[in-house]
Amino acid sequence: AQSVTQLDSQVPVFEEAPVELRCNYSSSVSVYLFWYVQYPNQGLQLLLKYLSGSTLVKGINGFEAEFNKSQTSFHLRKPSVHISDTAEYFCAVSAVTNAGKSTFGDGTTLTVKP
Amino acid sequence: EAGVAQSPRYKIIEKRQSVAFWCNPISGHATLYWYQQILGQGPKLLIQFQNNGVVDDSQLPKDRFSAERLKGVDSTLKIQPAKLEDSAVYLCASSLRGDRSYNEQFFGPGTRLTVL
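Residue numbers (our numbering), protein chains in the order written: chain A, 1 to 114; chain B, 115 to 230.
Treat the hints with care, since some could be wrong.
Straight line, CA to CA, 30 angstroms or less: simulated DSSO-like cross-link-like pairs of lysine-lysine [as the list claims (entries may be wrong)]: (1) B/K192 - B/K176; (2) B/K158 - A/K101; (3) A/K101 - A/K113; (4) B/K197 - B/K129; (5) A/K69 - A/K101; (6) A/K101 - B/K192; (7) A/K101 - B/K197; (8) A/K101 - B/K185; (9) A/K69 - B/K158; (10) A/K49 - A/K101; (11) B/K176 - A/K101; (12) B/K125 - A/K101; (13) B/K192 - A/K58; (14) A/K49 - B/K158.
These are calculated hints, taken from the structure and not from any lab test.
Given these sequences and hints, build the entire structure.
This is how it looks when you write it as structure tokens:
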């Protein structure tokens, strides 16, 4: 089984500042990793994914994440945030052999202040 | 292309009452998922369908929850009777294929259930 820990439940940051949302995972098998964003009263939207290849993955809205196998981490970063990035962010993991079943972290609330 | 549709968007019921949620996936998507998202937590998979067959329902509380996907298109999730701890957002998602390889899941807006 897989598990995900999002290390910060809330991250406040000022507009145009950089941000990092931290995610650690646990698994005994090879995994795929995902970040989703959820705006108020909406469903989840895929930001980016790591399936294979380069450990640095780029997603939508200027976000990127780096897969670190030795540290079992998949931290999300953005060099300069906007007010519109205020949302809930979820890290998720699935086994390569059963990619349809994802385990989600409990989320990080990113609040961007003017 | 239309996204995943869910209704109702909000529902308030008393405990021990019954409730049903409806989901219409993206056209042509073989796989449909129902998730429960309790406030302050990430989504938890309740049931996964491939076409009209159940792939995984290991985390579905079968004593009170049921789901069906007749004709392999839209789906309903029912709770009977509801408990206070069932208060949550119920998310539906769909993906194109149902094999074990990666397929992006597309999520609907969810139904927010409040049990009083």
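Margin query: Are any of the numbered hints broken by this structure? If so, which, sorted upward?
Written below: 3, 13
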